[in-house]
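Undergrad: Using the sequences and the accompanying hints, generate a full structural model.
2 protein chains.
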Amino acid sequence: MPTITRKVQLKSIPEGLPAEDNFAIVESTLEDPAPGQVLVENLFMSVDPYMRGRMRDPSWQLSGGAVGMVIGSENNAYSIGDYVLNSQSWHEHFLSDGRGLEKIDATIAPISTYLGVMGMPGLTAYGGLLVTGEYKDGETVFVSAASGAVGSVVGQIVKIKGGIAVGSAGSEEKVRQLTEEFGFDHAFNYKTVKPLDELRKAVPGGIDIYFENVGGLQLEAALAHIKPYGRIPLCGLIAQYNDDAQKITPGPRNLGEMIYKFVSIRGFVVSKFEDMKEQFRQDMSAWIESGQIKYHETVLQGIENAPSAFIGLFSGNNNGKMLVKLAND
Amino acid sequence: MPTITRKVQLKSIPEGLPAEDNFAIVESTLEDPAPGQVLVENLFMSVDPYMRGRMRDPSWQLSGGAVGMVIGSENNAYSIGDYVLNSQSWHEHFLSDGRGLEKIDATIAPISTYLGVMGMPGLTAYGGLLVTGEYKDGETVFVSAASGAVGSVVGQIVKIKGGIAVGSAGSEEKVRQLTEEFGFDHAFNYKTVKPLDELRKAVPGGIDIYFENVGGLQLEAALAHIKPYGRIPLCGLIAQYNDDAQKITPGPRNLGEMIYKFVSIRGFVVSKFEDMKEQFRQDMSAWIESGQIKYHETVLQGIENAPSAFIGLFSGNNNGKMLVKLAND
Chain L
182 MPTITRKVQL
192 KSIPEGLPAE
202 DNFAIVESTL
212 EDPAPGQVLV
222 ENLFMSVDPY
232 MRGRMRDPSW
242 QLSGGAVGMV
252 IGSENNAYSI
262 GDYVLNSQSW
272 HEHFLSDGRG
282 LEKIDATIAP
292 ISTYLGVMGM
302 PGLTAYGGLL
312 VTGEYKDGET
322 VFVSAASGAV
332 GSVVGQIVKI
342 KGGIAVGSAG
352 SEEKVRQLTE
362 EFGFDHAFNY
372 KTVKPLDELR
382 KAVPGGIDIY
392 FENVGGLQLE
402 AALAHIKPYG
412 RIPLCGLIAQ
422 YNDDAQKITP
432 GPRNLGEMIY
442 KFVSIRGFVV
452 SKFEDMKEQF
462 RQDMSAWIES
472 GQIKYHETVL
482 QGIENAPSAF
492 IGLFSGNNNG
502 KMLVKLAND
Chain F
182 MPTITRKVQL
192 KSIPEGLPAE
202 DNFAIVESTL
212 EDPAPGQVLV
222 ENLFMSVDPY
232 MRGRMRDPSW
242 QLSGGAVGMV
252 IGSENNAYSI
262 GDYVLNSQSW
272 HEHFLSDGRG
282 LEKIDATIAP
292 ISTYLGVMGM
302 PGLTAYGGLL
312 VTGEYKDGET
322 VFVSAASGAV
332 GSVVGQIVKI
342 KGGIAVGSAG
352 SEEKVRQLTE
362 EFGFDHAFNY
372 KTVKPLDELR
382 KAVPGGIDIY
392 FENVGGLQLE
402 AALAHIKPYG
412 RIPLCGLIAQ
422 YNDDAQKITP
432 GPRNLGEMIY
442 KFVSIRGFVV
452 SKFEDMKEQF
462 RQDMSAWIES
472 GQIKYHETVL
482 QGIENAPSAF
492 IGLFSGNNNG
502 KMLVKLAND
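Chains as they are written, first to last, in my numbering: chain L, 182 to 510; chain F, 182 to 510.
Quick caveat, the hints were computed from the structure, so don't treat them as lab data.
Warning: the hint list may mix true and false statements.
[As the list claims (entries may be wrong)] In silico DMTMM-like cross-links for lysine to aspartate or glutamate, where the CA-CA straight-line distance does not exceed 20 Å:
1. F:K408 <-> L:E438
2. F:K442 <-> L:D456
3. L:K408 <-> F:D238
4. L:K453 <-> F:E438
5. F:K453 <-> L:E438
[To be verified] Using C-beta positions, here's what the derived DEER-type ranges look like:
6. F:P409 <-> L:A215: 34 to 40 Å
7. F:P409 <-> L:V207: 31 to 37 Å
8. L:G472 <-> F:S244: 54 to 60 Å
9. L:G343 <-> F:E459: 51 to 57 Å
10. L:E455 <-> F:G343: 31 to 37 Å
From the three backbone atoms N, C-alpha and C, an ideal C-beta is built for every residue, glycine too.
TA: Next comes the structure, spelled out in structure tokens:
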């Protein structure tokens with residue numbers, strides 16, 4: 182029996198901050214799976230800041246991380262009821278020959294976390310801190326967008342491994358959450374205080390690592406206050422993602438600090454850590470189990486709310502990982 | 182018999198471009214060496230862009246690389262006539278207990294080159310390219326300020342090791358020199374053309390390394406045209422050295438290019454390569470001998486011209502290493 186389903190398409194390329202008007206909800210009908218195929222119903226889909234960059238490419242189709250359940254199978258590798266991580270975010274259902282699907286274990290962590298702390302954002306934090314950032318136990322780490330899906334994990338791993346964590350966020354409530362829930366040693370609201378003043382007060386001896394999610398004045402502050410041989414894993418520059426191509430926020434004015442201090446800035450994306458995913462999942466599920474890693478999710482209901490979930494990322498509407506729930510488990 | 186000598190002192194901290202007026206020539210008298218001491222007469226002194234940064238520190242006394250001859254000795258380790266590399270630039274004579282002096286071999290290279298290709302600028306180029314830049318034979322390297330003491334050596338080492346060298350400089354004459362004398366594959370005048378257009382034309386496949394001496398638009402062009410896993414050794418930002426503290430040139434607007442391309446920017450200074458100096462001197466003297474490394478010197482006469490030699494660095498008055506000759510050999 183054919184399945185009536187919905188997906189989101191880009192109607193136009195956003196200029197500046199994306200608007201509802203850039204998106205369209207489109208209905209279509211999927212046939213039953215052909216031999217070798219499975220039919221997947223997505224339960225949760227992810228919206229992520231990196232998608233904003235992809236939208237500059239006119240040929241890009243909306244996609245990204247989602248967790249679904251196999252509801253029809255003509256493929257021996259998959260049974261009805263299997264949970265599968267997939268890259269068909271923004272789709273309620275889809276047909277697949279199995280490529281690009283990854284079965285996940287719902288007994289070691291809730292399925293939604295495979296889009297958050299157990300998934301791409303968690304691995305980004307883990308690899309970005311431990312590999313790209315070359316974090317050594319006990320070091321002092323500053324992370325921006327610290328209440329977000331990546332930043333909150335960075336800070337908590339620092340604490341698990343005996344270091345000092347300083348975080349910034351964009352509201353008093355998030356700042357409170359950083360120290361009270363996530364265990365950061367210090368936190369500040371970058372909208373109301375001067376980042377460099379805060380860093381000097383909080384960790385007078387300097388920082389070893391700045392985990393960069395934001396750009397702008399926080400990067401300048403970090404460069405000014407980083408210790409010799411400091412590392413700056415460059416994960417994102419969310420402050421700039423919605424800039425017009427013609428008037429892009431300038432970069433830091435104090436790159437010269439890097440010279441005498443032997444500082445490096447290192448761009449990376451999560452694909453770099455694909456080969457450490459197994460170790461990561463073991464560590465992370467144990468940390469969730471023991472309560473050493475806490476997480477928040479902001480869950481909107483229904484694919485019709487996916488555009489506003491995405492847009493909300495840029496005003497910080499989310500508390501923790503932003504998800505859209507597409508169907509019940 | 183006491184020695185009447187001169188040195189240069191900073192009269193005031195420069196604002197923006199340094200001026201003659203910031204410097205004073207001061208006469209003094211040195212006693213004969215006490216037991217354990219040597220008296221050195223400097224023959225050549227170096228002026229270097231990095232000194233501009235040091236001048237922001239009010240406690241800094243003018244110093245830097247110089248080559249002198251021992252003219253009086255009460256120290257068994259030194260004989261009259263020994264050539265010594267020292268850090269007493271801006272001084273005609275000085276007394277020393279021997280610490281900080283390094284005897285140099287005038288038979289393997291001219292003594293003035295120990296301030297240039299055989300010295301700090303040469304080692305900066307060698308280590309910055311091979312260690313910090315992780316240069317692999319055959320790669321494509323773009324270097325700014327390419328006719329300078331560091332840049333010209335970077336490009337020539339790239340050619341010795343089988344790669345493609347692209348350089349930029351600030352006059353047509355220097356650009357011609359890059360291709361005709363130093364063997365660069367491509368060169369352009371950054372003042373009259375757009376760096377990104379030139380890079381796209383010269384090396385359509387992209388660059389592996391950008392050896393950064395300048396900052397500004399050339400760094401943006403390099404970030405835009407660098408290949409995945411590209412490295413940017415950050416040696417200097419001469420375009421910004423004379424900025425007022427209140428209106429510093431903004432950094433590159435396209436740091437985001439680093440993320441998906443896994444690019445790193447790595448600050449360094451020459452002290453990092455101290456342990457490879459012997460290997461460097463062996464390689465470099467052989468390359469000078471074989472004609473594979475060429476160099477230019479711009480030599481001004483007399484300590485009274487040291488301030489204008491230094492100031493000239495920032496308008497590109499020098500062709501190759503800028504030196505001041507203080508006395509005859």
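Undergrad: Now, for every hint given, state plainly whether the structure supports it.
TA: We went through each hint and held it up to the structure:
Of the supplied pair hints, the one linking F:K408 and L:E438 is violated, its CA atoms being roughly 25 Å apart against a limit of 20 Å. Distance restraint check for F:K442 and L:D456: the Cα-Cα separation of roughly 18 Å lies within the 20 Å cut-off, and the hinted pair is therefore satisfied. Distance hint between L:K408 and F:D238 is fulfilled; the C-alpha atoms sit about 19 Å from each other, no more than 20 Å. For a cut-off of 20 Å, the pair hint linking L:K453 to F:E438 stands: about 16 Å separates their Cα positions.
Of the pairs offered as hints, the one joining F:K453 and L:E438 holds, with about 16 Å between alpha carbons and a cut-off of 20 Å not exceeded. Distance hint check: the CB atoms of F:P409 and L:A215 are about 37 Å apart, consistent with the given range 34 to 40 Å. Separated by about 34 Å at the C-beta atoms, F:P409 and L:V207 satisfy the suggested range of 31 to 37 Å. As the Cβ distance of L:G472 to F:S244 is approximately 57 Å, the hint placing it in 54 to 60 Å holds.
At roughly 40 Å, the beta carbons of L:G343 and F:E459 sit outside the given window of 51 to 57 Å. Between L:E455 and F:G343 the CB atoms are about 33 Å apart, so this pair conforms to the stated range of 31 to 37 Å.
Hint compliance for this structure: hints 1, 9 are not met, and every other hint is.
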